[in-house]
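A.B. asks: Let the hints inform the model, and build the full structure from the sequences given.
There are 4 protein chains.
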Amino acid sequence: MIVVMKPSATRIEIVNVTARIEQWGCRAHISEGNERTIIGIIGNGRPLDRAQIERMRGVERTVPVLRPFKLASRDFHPQDTVVPINGVSIGGKTLVVMAGPCAVEGREELMEAAQSVKSAGAQMLRGGAFKPRTSPYSFQGLGEEGLRILAAAREQTGLPVITEVMSPEQVPLVSTFADILQIGARNMQNYALLHAVGEAQRPVLLKRGMMSTIEELLMSAEYILSHGNNRVILCERGIRTFEKYTRNTLDINAVPLLKQLSHLPVVVDPSHATGKWELVAAVSRAAVAAGADGLLIEVHPHPSKALSDGAQSLKPEPFTQLIASLKAVAEAVGREL
Amino acid sequence: MIVVMKPSATRIEIVNVTARIEQWGCRAHISEGNERTIIGIIGNGRPLDRAQIERMRGVERTVPVLRPFKLASRDFHPQDTVVPINGVSIGGKTLVVMAGPCAVEGREELMEAAQSVKSAGAQMLRGGAFKPRTSPYSFQGLGEEGLRILAAAREQTGLPVITEVMSPEQVPLVSTFADILQIGARNMQNYALLHAVGEAQRPVLLKRGMMSTIEELLMSAEYILSHGNNRVILCERGIRTFEKYTRNTLDINAVPLLKQLSHLPVVVDPSHATGKWELVAAVSRAAVAAGADGLLIEVHPHPSKALSDGAQSLKPEPFTQLIASLKAVAEAVGREL
Amino acid sequence: MIVVMKPSATRIEIVNVTARIEQWGCRAHISEGNERTIIGIIGNGRPLDRAQIERMRGVERTVPVLRPFKLASRDFHPQDTVVPINGVSIGGKTLVVMAGPCAVEGREELMEAAQSVKSAGAQMLRGGAFKPRTSPYSFQGLGEEGLRILAAAREQTGLPVITEVMSPEQVPLVSTFADILQIGARNMQNYALLHAVGEAQRPVLLKRGMMSTIEELLMSAEYILSHGNNRVILCERGIRTFEKYTRNTLDINAVPLLKQLSHLPVVVDPSHATGKWELVAAVSRAAVAAGADGLLIEVHPHPSKALSDGAQSLKPEPFTQLIASLKAVAEAVGREL
Amino acid sequence: MIVVMKPSATRIEIVNVTARIEQWGCRAHISEGNERTIIGIIGNGRPLDRAQIERMRGVERTVPVLRPFKLASRDFHPQDTVVPINGVSIGGKTLVVMAGPCAVEGREELMEAAQSVKSAGAQMLRGGAFKPRTSPYSFQGLGEEGLRILAAAREQTGLPVITEVMSPEQVPLVSTFADILQIGARNMQNYALLHAVGEAQRPVLLKRGMMSTIEELLMSAEYILSHGNNRVILCERGIRTFEKYTRNTLDINAVPLLKQLSHLPVVVDPSHATGKWELVAAVSRAAVAAGADGLLIEVHPHPSKALSDGAQSLKPEPFTQLIASLKAVAEAVGREL
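Residue numbers (my numbering), protein chains in the order written: chain R, 1 to 337; chain P, 1 to 337; chain G, 1 to 337; chain E, 1 to 337.
Misleading hints may appear alongside valid ones.
Same chains, same names: a pair is fine if it fits in one copy or spans any two.
[Claimed, not checked] Straight-line distance between alpha carbons at most 27 Å, and here's what the computed DSSO-like set of lysine-lysine pairs gives:
1. K70 x K305
2. K259 x K315
3. K6 x K70
4. K244 x K70
5. K244 x K6
6. K70 x K259
7. K315 x K6
8. K93 x K327
9. K259 x K327
10. K93 x K70
Derived from the structure by calculation, the hints contain no laboratory data.
C.D. replies: Below you can see the structure in the form of structure tokens.
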């Protein structure tokens, strides 16, 4: 950490800051410029409390030097993490497509969806049993019954299953049925939940919050990793911006950046990132070209009857065509599908 | 809800949309313009599923007409809600200042803080026992011991206590000690938690998420209200924008707008909204001038030793001065403190 | 346009609104719901003034139905616009790569850069003679001398040249030397400038403002088109968001969306959209996969000596490799390079 | 400036960076931590080119230490700048209210407006003769005729006049008629225009761009100051965020922050900052309470007939009431009106 003193800082204020630094067992390195004094802190391990230093007299601001995440960082774990899930691997050369309806709406509906995404070439089945909805008056999901239906669909199709978990006490139940536990965007900083899935025996797909920075996403991954679960998959699903023609703005920059900063696999959710099914195919191809390890796509046999997110769900036929075009793009960038 | 058809929509597509509307038990009202057909839906009560209609052929988009919140809306509850809390009332003519440290750090520290905010003129004591922190390596709060310390400080000073609750299973415990349950910004859309506090026997202060619209804030209030708890206080605490000189951007427009849209009391947290103690006084005065019903301010006797948020905490002396200046502003706008 | 009346609107207020609509020579179509009355305006051509209606008593808000752009819209011009420039065509099957340094820094430097981007496979040369810089103390460009150097480089390499024009009175001068006039992001709503290039005899590349919506970009294109210049190329160059690890956030959704909404060609500037050369290759491939018609890339033989934007400039060698990988992605999506 | 080297940086890479720093005539100050080396640059005056250093091998990033603005900074000009304008002073103890219609629509309309804002207590008259409009099909202002009408209104009422200038070649003309030249939000980074008004003999009111940081606003002020015009007034007029219920989000934090960072006067435009007349009064009071030196308010005798921005214009009567309440708030914070 670096401490930038005010131009008006006195000798005594500078001494007080260095004394505090040494109290912490760190070393202070003073550099006097023409206008300002800068104090470098040579640490003894993390973390230092920036706010404490910033409240000392004569201090203008502090600048962190080290990245605040460690277990998630590629600096200390150069090789890619590959997460194996019942015969499917996420993070290797082969891309993984997880597809299915936004919500599990019933047994028949899900079986039909599961069969159709399998036929099209998806390797995993997605579907929500517990649904976070903005309105208390919207369909909230089938709960445990939805989990049983998902498990039945896995039985029938052989596709592993990913589904969302919304609170710490649901973790044991959802872990019984799901192959991957999904943390939704609204819960990316629900620390009680991150703690709980950090102790679970299942891989976790962590969605970026719609207004969370890349650093915050990696810090939330750090929570899970620091509680002992190292099977974490990052998911870029669009961020909130001022643009109104789309539901969210896919941060495509985040894909190569996350791959540089971290060893964890990165998947993209083009359905939420656009909110419009007409854009899903183009954006899915872009995600693969940018280096994503997989995709999480909403597919519904009858979107105009979907109980949630119909506007962004692909029908099975365009989904099948999309898979074909993704194969070509994957090959163009040295991957396969 | 209004349905805007594409310019290319066919007669059959229009008929299909109106048939769907009638299936729902609503009436369709067709209006043919020169370029497009518009279909108004005259509802039978809420909610309609926009996405289902948007996925029908020939539909360009839908436009909601009604506000999606009802219990929180002033339309159906014109008079102000006033929330009484152990002798203090939030939402009436008298403004309420809740002050104290970001986190409860120890018994002595809190007692000192509580005495000093009381002397300065605060009517309630704030302090976090469970702390949501971006980093798993930061101080996470004292937990239940922190709650006991808060209760002891209430005993000694007579100030009612507000503290954060972070997960559904903490609600009974925190309700035993706290006078107001605080939902933090990161949990504004933690629906399991909203459900739990909706059934609690304590007033709830709901902070706006840093990424959440005013409509979403009111929808989260709707969750709590719809579970039976009508003692909800809204809190504007700054939103995330592109500006980097401040931690957040206080949305001062939200204060009069929330008062227009809703009957619930509105308080402002100038500490998080700025992240800089030097700005807290000016922004607190602005909040009162804009019509806020109260303030939630971080005050710490020794901010440069604070275990969290020291940079935005006021010391007792400037806090005392602030209270004096707030009295003058309150009077200027017909309120009192 | 649709007018949503307040729940409290009286009969007289509704009559006044319809009277105003009829004064405008439009027809009003009233639809009475259970809670609110909605009035559809059937227009006589654009535009209507929303704000005037919104200020009438009893009106809650208005909702526009038609897109505000017409000349730029695909609705009225279904086939793609292709802009031919000295033997290169933008908007057809073949992608166009425009490359070169951020600023023209001197004759030798530019000649070296021009030769190297030509060898790598670029079809056009970019370089700024007039530079918009945030600081008045930064290098402001070589001005007219820079234009002469660009023309000399075109002479030598055969590459057409694109360069920025910053004010209306520069338009004749820049038009003498440049093959495409570039409007920078900061000038996207500089209407005097849009007017001037709308009357120029050169194609215009219009960059999206860093905080402008897609609709505003198309409205600025509309200004140029409405002044008689129909050779407009749209450029997505990243928008400003809360994310701090990158300079801007490339709005990849905008690529397929602009292609749907408009007939104009769409190119992407991955250099500004990321601000980091390490991300340029991945993001360029994503842009092509998403359907972009071309790329505008900063390439500098010696980026660590560049007078501006060195951090986002590719060296010639990785640029050559990038072109090779772009060919593969282009083919995967049915294009060529 | 501070250079943060990568953990993997070699001895040679560090030597190369220090050599470059010394080439620039600066001194390098090396600080070796456990994980990284940090190099402080002790400058010889501004500016240094961060991007050049960032492109050197082994460099992770650079951190600026000094603020990039100098003439606008309070560090070098501690006392407040007060701008005198025909008997009115902006930046002193007395607040200044500038009011009038968005656009000059005709002689009679403006005279009526001017008389009514004068009676209500405004000290200056605002009105646009040249109007920047998003759509080429909207009313673009009366141009020179509008300027003549403004001058006539000044003659009649004695109120000095502020009006917008949109391009460099309009500066001489507008300077003939106006007392203050206004730079609109969309032109805050129109550097040719900033240069032109920097050489004009009139005070300049510089509006913050809706997409611009506080630092960028001060850098644009620096352009004007560095061209010799030191009568610059800053204007906060709301920024663009994700919130949709209001037209913009007033950044109230910016008011005290700008007063701390700079010696220039700061005024607030509550009309654009909200876009809704119902919010203008509350937000105006907040601006004064936060320390603004003045307000720029849209007032129109007949807003529902206004040719632009009717929805955010106050009628004369509520404006008169607002002035009364502003007097009380001004006194509460030690100012007068």
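A.B. asks: Now, for every hint given, state plainly whether the structure supports it.
C.D. replies: Hints, one by one, checked against the model:
1. K70 x K305: Between. Shortest inter-copy distance 26 Å satisfies the 27 Å Cα cut-off; intra-copy 45 Å does not.
2. K259 x K315: between (31 Å within a copy, 22 Å between copies)
3. K6 x K70: between (31 Å within a copy, 15 Å between copies)
4. K244 x K70: Answer is between; shortest inter-copy Cα gap is 19 Å, intra-copy 36 Å.
5. K244 x K6: between (42 Å within a copy, 19 Å between copies)
6. K70 x K259: This pair counts as within: shortest intra-copy Cα distance 15 Å, inter-copy 39 Å.
7. K315 x K6: Between. Shortest inter-copy distance 20 Å satisfies the 27 Å Cα cut-off; intra-copy 60 Å does not.
8. K93 x K327: both (12 Å within a copy, 21 Å between copies)
9. K259 x K327: Both: 21 Å inside a chain and 23 Å across chains, each within 27 Å.
10. K93 x K70: within (25 Å within a copy, 46 Å between copies)
In terms of the numbered hints stated before, the structure departs from none.
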